[in-house]
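> Build the full structure now, drawing on both the sequences and the hints.
When the letters of the sequence shown are read in order and numbered with numbering that gives the first Met the number 0, they come out as residues 0 to 219.
No lab work stands behind these hints: they were computed from the structure. Please read all numbers here as calculations on a predicted model, not as lab measurements. For each residue, glycine too, the CB sits at the ideal point set by N, CA and C.
Straight-line C-alpha distance at most 20 Å; calculated SDA-like pairs for lysine to any residue:
no.	residue 1	residue 2
1	4	82
2	134	83
3	87	133
4	78	136
5	155	185
6	4	126
7	129	70
8	78	118
9	4	87
10	179	45
11	78	41
12	134	121
13	4	36
14	134	69
15	179	198
16	190	214
Cβ-Cβ distance ranges computed for the label pairs, FRET-style:
no.	residue 1	residue 2	range
17	56	209	48 to 56 Å
18	33	216	28 to 36 Å
19	48	164	16 to 24 Å
20	192	143	32 to 40 Å
21	189	150	17 to 25 Å
22	150	17	20 to 28 Å
23	95	60	16 to 24 Å
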Amino acid sequence: MLIPKGILPAIVGHAAKDKTRYALNGFLLERRVNGPRAVATDGRRLICVRWSEEPIEEWPMEPGGGAAALVREQVDGWKRLIPLDAAKELDALAPKNGRHAILRNVMAEETEVRPAEGDYVRFAGTDLEKWRTTKVRELEGTYPDYDAVIPTDPPKAEIVVNAGYLVDACNALAALRGDKDTPVRIQFREKGEPVVLLHGTAHADAAEGTVVLMPINLDV
0 MLIPKGILPA IVGHAAKDKT RYALNGFLLE RRVNGPRAVA TDGRRLICVR WSEEPIEEWP
60 MEPGGGAAAL VREQVDGWKR LIPLDAAKEL DALAPKNGRH AILRNVMAEE TEVRPAEGDY
120 VRFAGTDLEK WRTTKVRELE GTYPDYDAVI PTDPPKAEIV VNAGYLVDAC NALAALRGDK
180 DTPVRIQFRE KGEPVVLLHG TAHADAAEGT VVLMPINLDV
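Printed below as a string of structure tokens:
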């Protein structure tokens, strides 16, 4: 599996920090018929990332072994649960500015049979000057059926807004209450009309904020 640089650090914030929820203290790497996935959840929020993969056969082989020892295969149904604290190290295997697009990926070895030394997954990255490999021991436990919580029926409403503005709006409302976990109410109206964000609960002794975001017209 070739994982584009940046995906793993982007999803780990959605994983559980509670050490008693062991299987949720990591992220899931999985291959489906329609491609690879990376998933993280803490039971209250979930992120599932899918991407178009570079051809695995184009992954460069290190002269004399090393990264070449990794199996360059795509195994349908392959899935591994990776510890949360490994995400940063794994992402760093891929160079920031690879000379070729495929180099801006981390390779995860997909094998149906686990190594005799233990349940771990091998990863590699290269800039064609240096080859870096590491192995990460899998987490134990069963990951939840995340497909069951991702809606598949058509949405009742859909409005496109600037992602940065949405983050800023939520952060501003949280700052007014001094609580990053404060509830936020999001109001949608007709297509083309502004999106309104409000505090989710009222407090007589606290400031009340209203943020208005103009939608993005993708039809222009």
